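Undergrad: Below are the chains, spelled out letter by letter.
Number of protein chains: 6
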Amino acid sequence: MRTVYLNGQFVPESEAKLSIFDEGSMYGSTVFEMLRSYNQQHWKMDEHLDRLYWGLKVLRIPEPMPKQDMADLCNEVTLKNCGEFQSDDEFRLMINVSRGPLGIYRDACPQKGPTLCVSCFPLKWTVAGMGALYDEGLNAVVVNQRHTDCLPNVKHRSRMPFILANQQAAQMAGLRNWALLLDQEGFVAEGTGANVFMVLNDQLYTPDPNHCLKGISRDHVLGLAQELDLYADVGRYNYYELIHSDEAFFTGTPFGALPITSIDGIPLGDGQPGSIYKKIMAAWDKEVRVNHREQIQDWDAQRHEPVGSSPYVSKN
Amino acid sequence: MRTVYLNGQFVPESEAKLSIFDEGSMYGSTVFEMLRSYNQQHWKMDEHLDRLYWGLKVLRIPEPMPKQDMADLCNEVTLKNCGEFQSDDEFRLMINVSRGPLGIYRDACPQKGPTLCVSCFPLKWTVAGMGALYDEGLNAVVVNQRHTDCLPNVKHRSRMPFILANQQAAQMAGLRNWALLLDQEGFVAEGTGANVFMVLNDQLYTPDPNHCLKGISRDHVLGLAQELDLYADVGRYNYYELIHSDEAFFTGTPFGALPITSIDGIPLGDGQPGSIYKKIMAAWDKEVRVNHREQIQDWDAQRHEPVGSSPYVSKN
Amino acid sequence: MRTVYLNGQFVPESEAKLSIFDEGSMYGSTVFEMLRSYNQQHWKMDEHLDRLYWGLKVLRIPEPMPKQDMADLCNEVTLKNCGEFQSDDEFRLMINVSRGPLGIYRDACPQKGPTLCVSCFPLKWTVAGMGALYDEGLNAVVVNQRHTDCLPNVKHRSRMPFILANQQAAQMAGLRNWALLLDQEGFVAEGTGANVFMVLNDQLYTPDPNHCLKGISRDHVLGLAQELDLYADVGRYNYYELIHSDEAFFTGTPFGALPITSIDGIPLGDGQPGSIYKKIMAAWDKEVRVNHREQIQDWDAQRHEPVGSSPYVSKN
Amino acid sequence: MRTVYLNGQFVPESEAKLSIFDEGSMYGSTVFEMLRSYNQQHWKMDEHLDRLYWGLKVLRIPEPMPKQDMADLCNEVTLKNCGEFQSDDEFRLMINVSRGPLGIYRDACPQKGPTLCVSCFPLKWTVAGMGALYDEGLNAVVVNQRHTDCLPNVKHRSRMPFILANQQAAQMAGLRNWALLLDQEGFVAEGTGANVFMVLNDQLYTPDPNHCLKGISRDHVLGLAQELDLYADVGRYNYYELIHSDEAFFTGTPFGALPITSIDGIPLGDGQPGSIYKKIMAAWDKEVRVNHREQIQDWDAQRHEPVGSSPYVSKN
Amino acid sequence: MRTVYLNGQFVPESEAKLSIFDEGSMYGSTVFEMLRSYNQQHWKMDEHLDRLYWGLKVLRIPEPMPKQDMADLCNEVTLKNCGEFQSDDEFRLMINVSRGPLGIYRDACPQKGPTLCVSCFPLKWTVAGMGALYDEGLNAVVVNQRHTDCLPNVKHRSRMPFILANQQAAQMAGLRNWALLLDQEGFVAEGTGANVFMVLNDQLYTPDPNHCLKGISRDHVLGLAQELDLYADVGRYNYYELIHSDEAFFTGTPFGALPITSIDGIPLGDGQPGSIYKKIMAAWDKEVRVNHREQIQDWDAQRHEPVGSSPYVSKN
Amino acid sequence: MRTVYLNGQFVPESEAKLSIFDEGSMYGSTVFEMLRSYNQQHWKMDEHLDRLYWGLKVLRIPEPMPKQDMADLCNEVTLKNCGEFQSDDEFRLMINVSRGPLGIYRDACPQKGPTLCVSCFPLKWTVAGMGALYDEGLNAVVVNQRHTDCLPNVKHRSRMPFILANQQAAQMAGLRNWALLLDQEGFVAEGTGANVFMVLNDQLYTPDPNHCLKGISRDHVLGLAQELDLYADVGRYNYYELIHSDEAFFTGTPFGALPITSIDGIPLGDGQPGSIYKKIMAAWDKEVRVNHREQIQDWDAQRHEPVGSSPYVSKN
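Those protein sequence lines, which keep their order, are chains B, U, F, V, P and D. Take any residue in the first sequence, count from 1 to its spot, add 1373: that is its number in my numbering. Take any residue in the second sequence, count from 1 to its spot, add 1373: that is its number in my numbering. Take any residue in the third sequence, count from 1 to its spot, add 1373: that is its number in my numbering. Take any residue in the fourth sequence, count from 1 to its spot, add 1373: that is its number in my numbering. Take any residue in the fifth sequence, count from 1 to its spot, add 1373: that is its number in my numbering. Take any residue in the sixth sequence, count from 1 to its spot, add 1373: that is its number in my numbering.
Heads up, some of the hints might be wrong.
No more than 30 Å apart at the CA atoms, straight line, and that leaves these computed lysine-lysine pairs for DSS-like [unchecked claim]:
no.	chain 1	residue 1	chain 2	residue 2
1	U	Lys1651	P	Lys1440
2	P	Lys1652	F	Lys1440
3	U	Lys1485	U	Lys1453
4	P	Lys1440	P	Lys1453
5	D	Lys1485	B	Lys1440
6	F	Lys1652	F	Lys1587
7	F	Lys1651	U	Lys1440
8	B	Lys1651	V	Lys1440
9	B	Lys1440	D	Lys1652
10	P	Lys1485	D	Lys1453
11	V	Lys1659	V	Lys1430
12	D	Lys1587	V	Lys1587
13	U	Lys1587	U	Lys1417
14	P	Lys1587	F	Lys1587
Far from chain U, some chain B residues (derived; all Cβ distances over 10 Å) [as the list claims (entries may be wrong)]:
no.	residue
15	Asp1419
16	Trp1427
17	Ala1505
18	Gly1547
19	Pro1582
20	Asp1592
21	Arg1609
22	Gly1642
23	Lys1652
These aren't lab readings, by the way, just hints derived from the structure by calculation. Keep in mind that this is a model prediction, so the values were computed, not measured. All C-beta atoms, glycine included, are put in the ideal place defined by N, C-alpha and C.
Could you build all of it, start to finish, from the sequences and the hints given here?
TA: Below is the structure:
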């Protein structure tokens, strides 16, 4: 049975809960990170923790422990749970930090100081059903809900625009539809838990981080592009430039990158995953010694129930 | 010991918790209401439940039970807890509804259907230390953080702009500072859990609900104004019109209305609670047979610890 | 064979064409009106011609003839064609006026002065397949394409946002989907050739004409509301207020009003055409002595081919 | 007599017309291109056709024929007409593609599939009277009408903002006034059928294509700049940076580039065509083996009638 | 010789000067009012002083004296100078208040406390040449410079947008051109020292004071409208509604109201001063027992030099 | 006694005044520059005069003399006054140019042509009390007042947003608070007379000049960065990127650069002046052969009175 670190204790996963009097529950003000492993080794833990601690600073949440101790704790949580994983599993580590119960509720919830929760569960949950998408590609649904986040660079839990966007995308038939949000002036921003890249004439284009999260997979793709001698431009792009792309793809920690083969039903290029996308994924697979596509397709082949009983999948 | 309704069961208040895998925890997508009693009778329960159920509809969260059953449940929760209250207490009822655990986490959290939590605790927690404000008035701090909520009319838990606004206001010395947010075009929007009214030449002015919550206390004040033959205008007002007011006040369910006697340190009128404010509160007190000011000042007189150990008070 | 007035001549309908060198073809700068008859009597011709002539003035297009002569011409065109209509037909009159060929193309197209074209064809073309919608209601698809018209109050032919909106709506399955556009700040604007009304607590709400056409059917509904003692508010409403409505409907000259029974798939009220809608249509039917619903359903019953071979229906 | 290709047939130029029932007439949704020749050889036909076919894709208009066949057709149209041109003439080729008649009008206009029209006429029509501007320069009139195009990167016929802008500029005395539009946030966007460049300290500056057409002449100037070792910046520039320029010029296919020597009457630099402008034009002239200025001045010298009988000249 | 009150002293008009070290000179932060007399009696002095004192409060400038003393001072200044006026003159009173010299310049300019200057000169200076406009009407030039004032309701001296607007309008030929500014979203705001009214179907329309000064003459017209049973709407109107008006006029203290007979050269109505305008001016004339038009035309008839040697006339 | 050049004459500093009828007093339309010396040699006079003359051109103010004569005049003013300075003083030269008295006031103020005023006073006035800030650093207060200047690139006197921003910042306790303004879309713009730089990972970031003054010290820092092989990015940065910086600093001619060690009370990095800041100041000190910090701390040590009797310090 998996166990979760919660405010100094280890509790069963089913007991990993947050008080209704916690500021995180009350205001959606939890800062969080979600990591994955490759070959059961955590990937880019430093980058994730750096972003987490910056978010704490912006929100003036006291650090629950020094950053290095947090890394140790993450490893401890993983170690405690690794017996619960199958040999072909990968880890999905989730860290939530909130300011703790609001002072006015001290009688109901006497905890002092911030709330910290670290859990570790199989990555295959998050990516269930995504295996086919590496071959078929996604249809990006550009929803009318704009990206109105007041703090787009911090990974936090006030994610209402994402829920609304996902609901709009879920109106389309099929399981290949992922929402894509425009920013408030109508430029391409990001998916709901995924950054977006466009490719035109073998060059990469991705929105600047004024209106989207500076995703760690996004940064990784920018690094791979450099290694592969692909020029990458960071800026603002409109909806019709997006349609104009030869290729496009979403990036996100759990899946690496997934091809977008149409936008609102208009095929990009020949409607197939593009060659630049494939080149980047090949380099990524090689670097982490995991074939993303095969790994997820294998997991999908093992599943018995259908995916998508809830239409609102968490993608990161 | 107070008890809380949580998904079909009654649990101790300290066990009133939400799974970290619940969409409410993950996305700040919980819809909620907070009621108060007068003389231990719930006030405007229908209005609160109507707004709750509309929020569920907008967010496409299945109704956990028919609205009438919810009213019955609220009363049941209150009844079960009323022995824990002192005779001069009032009830604060909190209803949270979220869509429930995300489908991908069914192994960790097998609950199906929405999450419903109804709790009831003393109102005096929420209003601790506010007693003096009826006499001294508040200083409204107009923060640089704009009101960016994509769903201002639904009472939901993605309240990041409010936390950031509260933090900015807390930079000012003293306990009389409450944050006031402008909307994205720079017009007065609302406080962090409180609507705002201005008074000029004996007329009331309050922002239209395109950029603020349609608060139930706000609606009540509009009704009182009508009874008192006070003209009330609903529109958009800028920062300098706010300063131009003779009086201003915040409204919110727990405290009714509190006078704003200065804006960013500039006194309104003579710097004292205004006569229209007093006229409205007098009518309100009479109608509910509770003197807001005295009730809270009595509670404050009984408290032993200082208020404000956490600067981020939840105001509704 | 129907005949069309074109610059002083009558030509067969199939010859009703505009030079590629005309400013109207080149710039989408044609001003137009489309009328309908009830019992073969033109409806509100003065209002339509007033709007047409105002558009000419705004665009500084010389008037091709005095307004009264234009009315006479419209009647003449109708008279010349009325033998081509069946006894249960209604007339659809279309007037297009553009500035004429650009001066630089005088060698290719020597015409001087404005281009005027008046044609008259069966209304049933425009409303084909709409009969069922009076009973089933429409699903309004709120598209991501915003309403960017620089001249929303003039009925002109630079209607690119409408085409893009229609294409987005056409991605949804079924024939009941009509596009609804938000304005550039995210408030409800209008359909693509149809105004929108919301109903809440028996009051009507419709966007102010700063961001939509001041439709003649819209004005008519406002007039009927007054007669029926229904309060009507003209203002700005957001997406979530739209969802919050008890009822909603589109208005447009060819069909009068059609009920919107869901928004992006979220049912309004009980998902049926609403009672206020029905009351308005009953008054309208009575006034014009035509039952809109029955008339169009009769026409639909006579048709042999399926509707919708082109997804981009012109609605006005 | 010149002949025009129209939907599979060749018709006289005066018969080159579009049905009033065509979506292009109805919605301004025609996609178009206009080419020119140098020494009677078409220039950059591939670039023009690429842009045309991209526009068709964005608007989901079926391709009327493969791109290579379109190139062949363009040449065929030119060949058929070249006998009508004088030896010192250049060709102006115009391609219009629209979706064709709306489905509801099939009885009036039975054509199926898209409408394609290719015509070829003397370039000197378009540039009549521009010869003097190479020496005198233009006065750019920055109009109050903002550039509100929802699809600025597609060359389409919903060009209302351009007509309104031209009308405002035409209020100024003289024939040297060309309109220049700001985008919706007040930055310099483009002329009405012409891109704009600024020069400061021997560096070029031109608006990014988020708010203007990515003109083919604009791209050509960026290429020439590279060859001439001139740094070119693509970004957003405000009105007062424009005035601050040492030089400025408009680019457009028919005329190459024309100097702007004043903005709203404020002279740029010494009020004469600038040296960078001249350097670029010299390189361009050399490359295409045509002296733009002399060619157009020669044509102007041959004309008998005055230019400008219509103030609204089509510039591309 | 006229004399001016300046910080406790009376100085000759030519010595009425502000130190270059005064915050008013340094930051354009002077608050001011300009009054006029009718039959040598000051008009609406209370309203002007109320606005002045409100501006001082917004800018946190200490009051130089109680409001009643200021009224007395204004009368004293008038009395001291009235011998310098002709019998048919009216007074123009100007009050400037600034915070005084910046503290860092105390060595150069040792004055402490605010700077107050009250002067009184002939109104005919301000309205020179306006007589003919009552008959001919103005052409409102809608400039591209938007109204960007951060404090539109306070009459202050940071009036850069007005200077830029006046300069753009001055590009047009003739003396009948007055600038009209749009607000930042493109709606009609105000002239440069004048409010604007539109008339359509005998109803008045004027921009709401969120984006323009709440002019005292504007308020007066709203009052006259009420007396004359004319409905007046206060809201936001776009450029094309302005053109759509039957009539329009500017209001300002020195001239009352002046008719706008064209907008960017497009005539309103029949291009003559409108009947509602005339009705309002007749009521105004009667109330103040001065015929505005005749008074100014008389003064113009007496002038020897031409008007307009500086194109940048101050209108209030 | 210091003397000031004013319109062709030298007058005592206390007589350096501007007529209340001057357009500069009336409209805040004065263009100005403020220089400083290092070792009593003026710094970057050419750059300052270039910006001044460009401002005159934009505002269409006639040049009062050729630019070279202006340089000579500046030197003459300095020379005439240098006997009044102590040996350790530096010069602060101020140039104001306005269009002169408005034409309508010619009777009161017969001056023709522009108003020019050049004065020279001790730099220590401007920087009084800043010495400690080199060690302690500033707290940047991000005010709610946005930067609404219509002409951000011209140094002019319509500086109302700066006064309002300073007043908001002055609400905070202590003397270390300087206001920082966001632009109208919420990105970091500039201080009130100071540009802002951020440092992250040893790279510099500073807002692009579309929304701030192109400060001469800002340009100098960009040049120093190049010499020091520091990469500098010019773009748009949001509030939370600002907080994310390792370091930040303001630049301004009188003080060079001053470290920002906290933003709204949140410490940057370790809350101390940063190493990149120090590296830049070291290079600057060396280049100008003046230690900024020591020079100002020396002056502060000599002062007898406390600083800050007026909270609104002019910083440039």
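Undergrad: Run through the hints listed earlier and report the numbers of any the structure violates, in increasing order.
TA: 5 and 11
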